[in-house]
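Each chain, written out:
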Amino acid sequence: MTCVRHTLSTRSKVQFISITQQVAATVAQSGVQEGICIVFVPHTTAGVTINENADPDVIADITKEISKIIPFEDHYTHSEGNSAAHIKSSLFGSSLTLVVQSGRLLLGTWQTIYFSEFDGPRTRNFHVKVLSE
Amino acid sequence: MTCVRHTLSTRSKVQFISITQQVAATVAQSGVQEGICIVFVPHTTAGVTINENADPDVIADITKEISKIIPFEDHYTHSEGNSAAHIKSSLFGSSLTLVVQSGRLLLGTWQTIYFSEFDGPRTRNFHVKVLSE
Amino acid sequence: MTCVRHTLSTRSKVQFISITQQVAATVAQSGVQEGICIVFVPHTTAGVTINENADPDVIADITKEISKIIPFEDHYTHSEGNSAAHIKSSLFGSSLTLVVQSGRLLLGTWQTIYFSEFDGPRTRNFHVKVLSE
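Chains as they are written, first to last, in this note's numbering: chain A, 1 to 133; chain B, 1 to 133; chain C, 1 to 133.
Treat the hints as calculated values from the structure; they're not laboratory data.
No incorrect hints appear here.
Put simply, identical chains are the same to the list, so a pair is met inside one copy or across any two.
Calculated pairs, SDA-like style, for lysine to any residue (alpha carbon to alpha carbon, straight line, at most 20 Å): (1) Lys64 with His78; (2) Lys64 with Thr77; (3) Lys64 with Ser79; (4) Lys64 with Gly81; (5) Lys64 with Ser18; (6) Lys13 with Lys64; (7) Lys64 with Asp74; (8) Lys13 with Ser79; (9) Lys68 with Gly81; (10) Lys13 with Glu73.
Construct the complete structure from the given sequences, taking the supplied hints into account.
Below, the structure is given as structure tokens:
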């Protein structure tokens with residue numbers, strides 16, 4: 001029954017924002033003890049990924065390196081000028097499937113769920129669906 | 001109960017073909033009102049992704065840029081000559097998890113589901129599984 | 001009910017290890033006939049992917065090429081020196097959603113599930129969750 005839409009505002013062109021708290025809150029609110037949780041991003045220039053949050057340098061390195069691999073400008077044809085963001089969105093992915101165990105998200109010690117903005121700043125949404133087994 | 005196998009023919013080496021209609025039809029046919037939908041590609045040189053379909057230049061830019069990042073020829077060892085396709089398949093991914101809400105796929109305004117051919121032309125399959133909550 | 005944690009040891013810095021047998025065993029043990037199966041990796045410098053296992057050259061080519069695309073050293077800031085592994089982890093992904101049909105994993109002829117080590121050698125875990133429809 002539980003599918004909650006969350007909204008957030010991004011502030012940079014490329015930005016990784018932790019949404020672990022919002023996802024965990026939706027899981028808690030659902031009352032599901034054993035099941036799965038889907039995080040779905042309904043945009044084509046943003047995505048969702050899991051990575052480390054202990055050292056902010058990790059996210060800084062990811063941010064820098066992916067724009068080296070997929071440059072902002074590279075003789076793209078798309079007139080909006082955000083083709084790099086579309087490519088990053090497909091490579092990082094639009095959805096995540098997570099495990100819910102004993103009423104909580106099963107995440108590794110260093111894992112954080114990041115909303116991944118590739119064409120900000122913008123107002124964005126993501127959906128969290130919790131399914132009981 | 002619903003897991004439907006769809007077949008399609010690709011016409012180019014690298015091609016993104018919208019399969020949103022087929023996936024939506026399987027969801028409608030399943031009768032599931034609230035749940036999730038898995039799209040699974042059983043190949044190792046093809047995948048599935050979500051991206052924009054409003055401007056065909058987006059797909060053209062993605063197609064061109066990914067073959068620049070992962071070149072068709074780069075001193076690969078695999079004798080079939082399609083290592084680039086295998087790499088693209090792993091980076092784009094073989095499965096998608098989508099949300100079903102009020103009997104319909106929950107997709108953003110600009111989102112289209114693309115079967116992603118990286119070693120065509122070929123006859124290909126994909127599976128659509130719908131799960132009720 | 002079934003969510004099983006598996007452990008494995010990796011031996012190289014970058015290594016793709018087939019875990020299809022362990023995943024299939026958990027599916028069999030669950031008794032689920034029709035449903036889905038989630039493979040989740042709780043690390044931020046490893047992931048999970050599907051690719052070919054018929055010719056080992058495919059995995060050799062993937063291993064070599066991804067470290068060309070995302071170099072081990074590239075003026076990263078993160079002091080642990082494994083930023084490349086974090087980036088690969090996000091691009092390959094931390095989870096897979098698979099279909100269970102007639103009590104078995106639905107996989108293509110050439111598909112193998114690979115635990116993807118990007119910062120080994122280490123002792124690693126992955127979780128397999130099976131959900132009945």
